[in-house]
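Please build the complex by placing chain B on the supplied structure of chain A, with the hints as guidance.
Just so you know, the sequences run in chain order A and B. Counting in this note's numbering, the first sequence runs from 176 upward without gaps. Counting in this note's numbering, the second sequence runs from 240 upward without gaps.
Fair warning: there could be bad hints in the mix.
As the list claims (entries may be wrong) - Here are the simulated lysine-lysine pairs, DSS-like style, with alpha carbons at most 30 Å apart:
id, chain 1, residue 1, chain 2, residue 2
1, A, Lys-351, B, Lys-381
2, B, Lys-258, A, Lys-520
3, B, Lys-258, A, Lys-398
Hints were generated in silico from the structure; no laboratory data involved.
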Amino acid sequence: MHSTGKGISASRSTPNWLKTTALELDVFQSKKYYIDAELRDTACVSDIREALASAKSEDTHKYTELVQILNPQNKSHVDVVAQQETLLKFLSRSVAFLDAAHHEELLIRILGMKIWDHPPNVVYALLELIISLATTRGKYLNCCLEMLIFNLLSQPHILNKKMREAPSWVHSALHKISYLVPPAPSQILYILVKRMPNIYNKGHGLVTYVDASLKLENSSIGKVVGDRILRVIMLRLLDLDVEIERDDIPQDDSTLGLFDMELEVACPVQSLNQNYSKVSELLDKLMVLSFEHLESCQNAGRLDEVFEILFDLFENLILTTCKPKFPQFLLFYACSLDPEDCGVKFASKLLDIFLSSNKDRVTRTNAVDYLASYLSRGKFLHASFVASILKRLVDECADYCRTYNVGASSGHLVFYSGCQAIMYVLCFRMRSILDVPRFQLLLTPLESVLSHKLNPLKECNPYVVSEFLKQAKAGGLFFVSEAFIFGDLPESETSRAFGGFFSFYPCLFKISNSFISPNFIYWSMVKRTHDEDEAFAEVIVYGDTDNDEDYDDDPVLDNDVKRMSITPKQSFMRDTWRLSKMPSRIRPSTSPSQSLLFKCFRNMCFEFSS
Amino acid sequence: MEGLKLTNAELMVYIHPSKSGNKLKAICRELSSLLFQYDETFDGVLLAFDVTVKSKGAKILAGLNPYFGVKVEASLLLFNPKPNSLVEGKIVKISPETIHVIVLGFSAAVVTDIDIREEFKYRMRNGEDCFVSSSHKRHVLKVGTMLRLQVESFDEEVMHIAGSLLPANTGCVKWLEKQSEEALHMDRDDHKRRKIA
Numbered sequence: 176m177h178s179t180g181k182g183i184s185a186s187r188s189t190p191n192w193l194k195t196t197a198l199e200l201d202v203f204q205s206k207k208y209y210i211d212a213e214l215r216d217t218a219c220v221s222d223i224r225e226a227l228a229s230a231k232s233e234d235t236h237k238y239t240e241l242v243q244i245l246n247p248q249n250k251s252h253v254d255v256v257a258q259q260e261t262l263l264k265f266l267s268r269s270v271a272f273l274d275a276a277h278h279e280e281l282l283i284r285i286l287g288m289k290i291w292d293h294p295p296n297v298v299y300a301l302l303e304l305i306i307s308l309a310t311t312r313g314k315y316l317n318c319c320l321e322m323l324i325f326n327l328l329s330q331p332h333i334l335n336k337k338m339r340e341a342p343s344w345v346h347s348a349l350h351k352i353s354y355l356v357p358p359a360p361s362q363i364l365y366i367l368v369k370r371m372p373n374i375y376n377k378g379h380g381l382v383t384y385v386d387a388s389l390k391l392e393n394s395s396i397g398k399v400v401g402d403r404i405l406r407v408i409m410l411r412l413l414d415l416d417v418e419i420e421r422d423d424i425p426q427d428d429s430t431l432g433l434f435d436m437e438l439e440v441a442c443p444v445q446s447l448n449q450n451y452s453k454v455s456e457l458l459d460k461l462m463v464l465s466f467e468h469l470e471s472c473q474n475a476g477r478l479d480e481v482f483e484i485l486f487d488l489f490e491n492l493i494l495t496t497c498k499p500k501f502p503q504f505l506l507f508y509a510c511s512l513d514p515e516d517c518g519v520k521f522a523s524k525l526l527d528i529f530l531s532s533n534k535d536r537v538t539r540t541n542a543v544d545y546l547a548s549y550l551s552r553g554k555f556l557h558a559s560f561v562a563s564i565l566k567r568l569v570d571e572c573a574d575y576c577r578t579y580n581v582g583a584s585s586g587h588l589v590f591y592s593g594c595q596a597i598m599y600v601l602c603f604r605m606r607s608i609l610d611v612p613r614f615q616l617l618l619t620p621l622e623s624v625l626s627h628k629l630n631p632l633k634e635c636n637p638y639v640v641s642e643f644l645k646q647a648k649a650g651g652l653f654f655v656s657e658a659f660i661f662g663d664l665p666e667s668e669t670s671r672a673f674g675g676f677f678s679f680y681p682c683l684f685k686i687s688n689s690f691i692s693p694n695f696i697y698w699s700m701v702k703r704t705h706d707e708d709e710a711f712a713e714v715i716v717y718g719d720t721d722n723d724e725d726y727d728d729d730p731v732l733d734n735d736v737k738r739m740s741i742t743p744k745q746s747f748m749r750d751t752w753r754l755s756k757m758p759s760r761i762r763p764s765t766s767p768s769q770s771l772l773f774k775c776f777r778n779m780c781f782e783f784s785s
Numbered sequence: 240m241e242g243l244k245l246t247n248a249e250l251m252v253y254i255h256p257s258k259s260g261n262k263l264k265a266i267c268r269e270l271s272s273l274l275f276q277y278d279e280t281f282d283g284v285l286l287a288f289d290v291t292v293k294s295k296g297a298k299i300l301a302g303l304n305p306y307f308g309v310k311v312e313a314s315l316l317l318f319n320p321k322p323n324s325l326v327e328g329k330i331v332k333i334s335p336e337t338i339h340v341i342v343l344g345f346s347a348a349v350v351t352d353i354d355i356r357e358e359f360k361y362r363m364r365n366g367e368d369c370f371v372s373s374s375h376k377r378h379v380l381k382v383g384t385m386l387r388l389q390v391e392s393f394d395e396e397v398m399h400i401a402g403s404l405l406p407a408n409t410g411c412v413k414w415l416e417k418q419s420e421e422a423l424h425m426d427r428d429d430h431k432r433r434k435i436a
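Chain A with its partners taken away, still in its complex shape (with noise of 0.2 Å):
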């Protein structure tokens, strides 16, 4: 409706007094204009109470006709589009006027209807409906809430453009419902968690699920629901990854140490096993959505909530049971994206876990388990921290070899996963420690501790054992006596049980493992003390030749190191001989004893985590 102001035109001649009246009547007219809009709107929305009257009484043909808009069946003519968005429009208006009783069939109608069947416009009404609905009358909240959540988990794979806002349409319905209704997110967390797709679905049902429920917590709603959303999918992360198990993880050459593996493939979890390739598909799919969603997180401010959350999750499901291969990697990567406050509080509250003589004995020998692997693995990790956690854990079990009970029952397991972890990390970060005189410093103790008669080296795992001694010799991190060398070793009992399996290992999904590796510390990448000896040319083993004569003679190696059935010393004795005899490969950065420890260290990770 245009003004006929509008129609005169400016020119010179015409006088000031009538372009002002011109100016005046336009206003007018659109006042006019509103105002009509407005009584239109108001006959409409009569109208449609009218209709929905009728339908208690005798005539119900009025209402018969609404419900006819709203057919299925006629989705697609134009007219019948704007019927619908129309009526849609002006139900929102009159949702008082709703009465399960009288008008079901509409009710129906509305509550079934699919979005991704719509156009935008339809959609846009539609969702006002809800909203409506849902917040003016109580009882409807909940099939409006079910309605949504269907429409937000049947998303179709592929949206075509007019659609692709839909589902953050979906999601700002959700949250404007949560405004007005206080307990509407812990129906839409019940409701939610009653529409998880099953464990047996692999498809990309899950992927939408978890999704929309990632975002769901990164909102308004997950301010109250949140840690549940979160602790809802972790569940399911860890179902998934108990379906792989290491053995899927293929060993094309036995010969080959994982190590190796590291260097030559980015991602080594490829298998023939069909069953497996869609749930490992799935779960980095998983993955990468949790990835990003912690970045997310980043980028609103609120991480450190998240990782309260995730550590909770951990200490709780993962901490004290199982022994997963991939969700504690969340833990790990939302560490990265905040090492200043996430990476310290990861460790700390690890070593806190260690120290408290509150736990049982097998939660602190996993925490520190995964505080070793983490302190060595995390490249974001300042040298000065890892030494300062370092300290605390000598100091612990430098008290204990003060203080312990000689006939306690536990067997000292905590002690001796204490000193494993220490020299576990100093595997890695051997060179980086002993740099800096101050940090030699801080671990003065840890050599009575190891030379104390609990004899924590042989109880100890043997590969991490041998690995640290040499490393510390020929750093010179103490003094190393004749005694520590390797020798015979016996298999002892303690180390067979609890050698710990290092749980950060590097056995990622292809674009998961895109998100980690920047921030991962491989094996091939440390640089270790003694790796000044590349030079020469002869295996030097630990240093020492005469304990050849101690080799097993038998020249038939078995060649296929089971991981579960072979003691680790015996097949490190025959790879050791074997390797010292025959042409081993060589790498340019890596001397044949480090490819034999790769090896072993292959054993022991695989061997320990079971």
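Just chain B now, with coordinates in the frame of chain A:
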């Protein structure tokens, strides 16, 4: 504001044996799980509680898990708005057909246009939706106003109050209180005048 009541109750709280280290914490945990939910036994929505452990001893239940029952005395703050009682809440949204209010931060209340008395007309002022009284220009209802409304019904499952602004003693709390103060003043003045006369 009606609908709130403080009651004392004697309760028996059953605790899992693993929590015997810190009984008070376990008791608080049990009672906290009932917060902001309607409970039939209490006949209301539990908003807050304060517990004291009554006895030193506790009764152990026979069974697989030997739960033990601790007697506690608790004072409970309950919310149960009965029909025709008055409640107050903050307006969070206004539309031509509805006024959305949040009562005590957790309960949603809605007044629909049929329950708003004729006096109030919907207006759009400075881009803001509001309801203005035609008889008293100062009486304005807009987002952020504390509103006193009469309860028509209370849905316990979702804690949703259907409210009404039909009675004359409903509306903006500040305005109503000012009116009642002025009325009191006038009464006093009248009284004084009559005394003198």
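These are the hints, each one checked on the structure:
A threshold of 30 Å between alpha carbons decides the hint, and for Lys-351 (chain A) with Lys-381 (chain B) the separation of about 18 Å falls inside it, so the pair holds. About 28 Å separates the Cα atoms of Lys-258 (chain B) and Lys-520 (chain A), which keeps this hinted pair within 30 Å; it holds. Simply put, Lys-258 (chain B) and Lys-398 (chain A) have alpha-carbon atoms about 28 Å apart, close enough for the 30 Å limit, and the pair holds.
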